[in-house]
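Spelled out from the first residue to the last, the chains are:
There are 2 protein chains.
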Amino acid sequence: MKKNAFYAQSGGVTAVINATAGAVIETARRHRDRIGRVYAGRNGILGALEEDLIDVGRERAASLRALAHTPGGAFGSARYKLKGLEENRAEYERLIEVFEAHNIGYFFYNGGNDSMDTAHKVSQLSSRLGHPITCIGIPKTVDNDLPLTDNCPGFGSVAKYVAVSTLEAAMDVRSMSRTSTKVFILEVMGRHAGWIAAAGGLAGDGSAGQPPQIILFPEVAFDERAFLERVERTVARDDWCVIVASEGARYADGRFLADAGTRDAFGHVQLGGVGSMLADLVRRELGLKYHYAIADYLQRSARHIASQVDVDQARAVGRAAVELAVAGENAVMPTIERTSDRPYRWRIGRAPLARVANREKTLPKRFITRDGFGITAAARRYLQPLIRGEAYPPYRDGLPRYVTLENRAVPKRLG
Amino acid sequence: MKKNAFYAQSGGVTAVINATAGAVIETARRHRDRIGRVYAGRNGILGALEEDLIDVGRERAASLRALAHTPGGAFGSARYKLKGLEENRAEYERLIEVFEAHNIGYFFYNGGNDSMDTAHKVSQLSSRLGHPITCIGIPKTVDNDLPLTDNCPGFGSVAKYVAVSTLEAAMDVRSMSRTSTKVFILEVMGRHAGWIAAAGGLAGDGSAGQPPQIILFPEVAFDERAFLERVERTVARDDWCVIVASEGARYADGRFLADAGTRDAFGHVQLGGVGSMLADLVRRELGLKYHYAIADYLQRSARHIASQVDVDQARAVGRAAVELAVAGENAVMPTIERTSDRPYRWRIGRAPLARVANREKTLPKRFITRDGFGITAAARRYLQPLIRGEAYPPYRDGLPRYVTLENRAVPKRLG
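If you read the protein sequences in the order shown, they are chains A and B. With our numbering as the guide, the letters of the first sequence map in order to residues 1 to 415. With our numbering as the guide, the letters of the second sequence map in order to residues 1 to 415.
Don't read these hints as lab results, they were simulated from the structure. Owing to the predicted nature of the structure, the values given are computational and were not obtained by experimental measurement. Beta carbons: idealized from backbone N, C-alpha and C, even for Gly. Be aware that one or more of the hints could be misleading.
[Claimed, not checked] A partial selection of chain A residues facing chain B, derived with a Cβ cut-off under 7 Å:
| no. | residue |
| --- | --- |
| 1 | 26 |
| 2 | 30 |
| 3 | 31 |
| 4 | 72 |
| 5 | 76 |
| 6 | 165 |
| 7 | 169 |
| 8 | 293 |
| 9 | 298 |
| 10 | 394 |
| 11 | 395 |
Model the full assembly from the supplied sequences, consistent with the hints where possible.
Right, dumping it as structure tokens:
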């Protein structure tokens, strides 16, 4: 009997997660012999737990096509981590109960480390309960911190946004430094991994006078004295200094430079304020005029400056997820395998969820210059292809034509 | 005898001020019979005061063409306001001395209110001293606060950036509000005028559930209770709330919401921190999860998302400035005159500098909804055409191909 498919978005959304969603839906439609209806979770996995499913088949075809160029999470995403099987077996059983009630045999979970863990557990438990569900993880994270894949869809576009923004802001600061701002700080995302901050390094070629003159990575312990010396020396040489700072920048003892003290649903510290903290330091210790920008959600939703390579890969992992499922694979995640830097070439591979779940890939040492403030040639070779190509959305009257889906509910079958 | 021309950029740079510069240079080259060499001031007016002139004729033709798509100030700009004639006559005399030494008969000053004042005074004094210099002001300001012109080059592109960013961030927040951020604040520029904040209103159509649900203008006294009530009501209705806040938002007594306490060279209060101030208020009083972005320089340097209308107008005022000069006009500024909203039509007019100088045009009352938190249909009719068209720069390897000029110095003739 044909089984239905369930797709859910998880965690922080990206400029291209909907491109993945669109590809999953299209590919499932091409396998009507194997896959029945396609449902999506309203607000991610919560939609499954609450039996609040969206009937994707009731959307207009043009709307589904427009997912390829629409940022955010079209069905709603959630920061909701299922606990361990022992701690909260009831929640997994509820998931499986809802899947059974709607004849769902395929679970596509589009997220980061936590989501791969959930998908893996659902696969295991459903087998044990005698109603095996094919669980495929689909990589998505701007943080680029998933292991076993060369890079993660969502990262290339945020990398392009950060590189372009760093370049543009630097041209601004450089042209006004004589009488105005000397130090500009761009605060970017990346709680535990410096991939996004590293992408700012693409704004220049790393030589003297090229922006950004300083990058602060979570992977390098913040040394206040070395930092201030570097800022002072840069301003003496170039008259201005552009700094890209990761929100995850921290001291040697592990404390974040700016810890707002609050925690999100996953128990992660909620960060913010590195930009203002550094600006204050520069003003207080060096007396230099500063400005700072905090890109925050703008960086991960900036579909208007998405990378074509990123969009292509986001769609490719979506397609591959469905192809793996119909080929009988289970508890795997399609990966991106790089086969060549120049010319850049990649293909889709796969990794078992058990090996992906709950592991983080931080920036390797060989990607960071010895002084800790820049990126190496190896980092450039890795990062550069990921920001290539401009995947512009269509516009009308000056604004991108992003789609909002109707998201009609599937009638409930359970209490 | 043929006179040389001097062009200088002043104040905060924009995504399109170089497009104006390029048009000035091209148009001057088409009037070789009247205009000799074209010089630019290194770091704006300081280049004249210090006799640090740039020989624009020594740049490659391709570089000059690339000015049309390059943000920042290609010759350097300055925040440097000449004082009143009585207070600092020596500075004006020095300007005129340098102009005479280099046979400069045309002064093109590309800036905001302060610069129009300077250009006006140079025109007056040079006549009185018997060496009349043709002084043409060229409008430029992201703040859109110059009088007598329908809008200012630089504004349309920042307006487009803010509208697109607000839309994109709203799609992000909306898709995650169930378990994550409820309130998102985007802090934008606009010290005394709410034009940029108003542009954020274009992200939605103003109806319920459309972003931004709240805009804070400098023109509307901030009422903390009304603001918090509106946030609370919005979150109850939509589950999320996007706020666009002008850096110039202030209380009824005139105090800015966030006054960093420092002042720039023009004596203006240096602002920053409205975003974090509001976020803290929302957290403290309503207990809602928030995020905030500070666009800062990113918004005014974002040439990658420039408005085509803005680029066209930036070039048009540059061309017109030179045409006015060779036609014998003096102490005037080319303006943009709107002749029709739908279809949008505009033409170049002109205004005497005496009437432009030191006046600010704030957002009219009829552009702000009665509750003070949104923009009216009249505002939309005004703003919408200004963000039309995507004037994408060329790219190479994923980054815009912005030009850096050689900026070779003209040999000094004075001590």
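Tested hints:
1. 26: 20 Å, violated
2. 30: Result: violated, 26 Å to nearest chain B Cβ.
3. 31: 27 Å, violated
4. 72: Result: holds, 3 Å to nearest chain B Cβ.
5. 76: 5 Å, holds
6. 165: Check passed: Cβ of residue 165/A comes within 5 Å of chain B, closer than 7 Å.
7. 169: 5 Å, holds
8. 293: 4 Å, holds
9. 298: Because about 5 Å separates residue 298/A from the closest Cβ in chain B, which is inside the 7 Å limit, the hint holds.
10. 394: Interface hint status for residue 394/A: violated (10 Å vs cutoff 7 Å).
11. 395: The hint holds - residue 395/A has a Cβ within 7 Å of chain B, the shortest such distance being about 6 Å.
Comparing the model with each numbered hint stated earlier shows that hints 1, 2, 3, 10 do not hold.
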